[in-house]
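Asks: Construct the entire structure; sequences and hints are all you get.
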Amino acid sequence: MNSMLIGRLGQVIVESMSKNKNLNISRGPEGWTVRIVREGEQHSKYFRFSDGGIRKSLAKAQKWRDAKIKELGERQWRKGPRKKPTNNTSGITGVSRNFYGRWVATWQEDGVQRFLTFKTKKEAVAHRKAMIEGMG
Numbered sequence: 001m002n003s004m005l006i007g008r009l010g011q012v013i014v015e016s017m018s019k020n021k022n023l024n025i026s027r028g029p030e031g032w033t034v035r036i037v038r039e040g041e042q043h044s045k046y047f048r049f050s051d052g053g054i055r056k057s058l059a060k061a062q063k064w065r066d067a068k069i070k071e072l073g074e075r076q077w078r079k080g081p082r083k084k085p086t087n088n089t090s091g092i093t094g095v096s097r098n099f100y101g102r103w104v105a106t107w108q109e110d111g112v113q114r115f116l117t118f119k120t121k122k123e124a125v126a127h128r129k130a131m132i133e134g135m136g
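All residue numbers for the sequence shown refer to the UniProt record's numbering, where the first residue is 1 and numbers rise by one.
By construction, these hints were calculated from the structure, which means they are not laboratory data. Misleading hints may appear alongside valid ones.
Cβ pair distances, simulated, as ranges [unchecked claim]:
# : residue 1 : residue 2 : range
1 : Gly-52    : Arg-102   : 45 to 51 Å
2 : Gly-40    : Met-135   : 21 to 27 Å
3 : Gly-28    : Thr-89    : 17 to 23 Å
Okay, derived cross-link-like pairs now, DSSO-like style, lysine-lysine, Cα gap no bigger than 30 Å in a straight line [unchecked claim]:
#  : residue 1 : residue 2
4  : Lys-129   : Lys-119
5  : Lys-45    : Lys-70
6  : Lys-60    : Lys-21
7  : Lys-21    : Lys-45
8  : Lys-60    : Lys-70
9  : Lys-121   : Lys-70
10 : Lys-56    : Lys-45
11 : Lys-45    : Lys-60
12 : Lys-56    : Lys-68
13 : Lys-70    : Lys-56
14 : Lys-21    : Lys-68
15 : Lys-45    : Lys-63
Every residue, glycine too, gets a C-beta built ideally from N, C-alpha and C.
Replies: This is the structure:
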């Protein structure tokens with residue numbers, strides 16, 4: 001079962017509920033675009049619907065994406081805590097305030113970015129530290 005998401009520029013992004021089989025693939029008005037970024041360099045290719053129809057062009061896009069990821073390697077996540085950004089107002093890396101004024105603790109878990117929101121900065125800092133210590 002697929003769900004449709006709208007991207008920043010209004011393009012439809014297809015996201016599969018099982019293993020993200022369309023990860024890095026977005027749908028435009030006339031075709032599929034595959035975008036992969038490794039070490040700051042973007043690799044992309046466009047697959048037109050007119051080249052065999054929507055499903056065949058999607059299959060071609062998936063095949064190209066899989067071959068390119070195999071060639072470039074899986075995305076590498078940084079291990080351990082990151083350097084505190086200069087615009088960090090909380091004083092703790094991975095702890096910030098969201099749009100609604102709640103405190104957010106973020107961390108990496110098995111290569112996936114996770115986050116939780118809290119009412120107080122103290123709770124967010126404690127949770128962030130617990131998650132970092134749990135990884136080490």
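Asks: Work down the list of hints and note, for each, if the structure agrees.
Replies: We went through each hint and held it up to the structure:
no.: 1; hint: Gly-52 with Arg-102: 45 to 51 Å; in the structure: holds (48 Å)
no.: 2; hint: Gly-40 with Met-135: 21 to 27 Å; in the structure: holds (25 Å)
no.: 3; hint: Gly-28 with Thr-89: 17 to 23 Å; in the structure: violated (38 Å)
no.: 4; hint: Lys-129 with Lys-119; in the structure: holds (17 Å)
no.: 5; hint: Lys-45 with Lys-70; in the structure: holds (16 Å)
no.: 6; hint: Lys-60 with Lys-21; in the structure: holds (13 Å)
no.: 7; hint: Lys-21 with Lys-45; in the structure: holds (17 Å)
no.: 8; hint: Lys-60 with Lys-70; in the structure: holds (15 Å)
no.: 9; hint: Lys-121 with Lys-70; in the structure: violated (42 Å)
no.: 10; hint: Lys-56 with Lys-45; in the structure: holds (15 Å)
no.: 11; hint: Lys-45 with Lys-60; in the structure: holds (11 Å)
no.: 12; hint: Lys-56 with Lys-68; in the structure: holds (18 Å)
no.: 13; hint: Lys-70 with Lys-56; in the structure: holds (21 Å)
no.: 14; hint: Lys-21 with Lys-68; in the structure: holds (14 Å)
no.: 15; hint: Lys-45 with Lys-63; in the structure: holds (12 Å)
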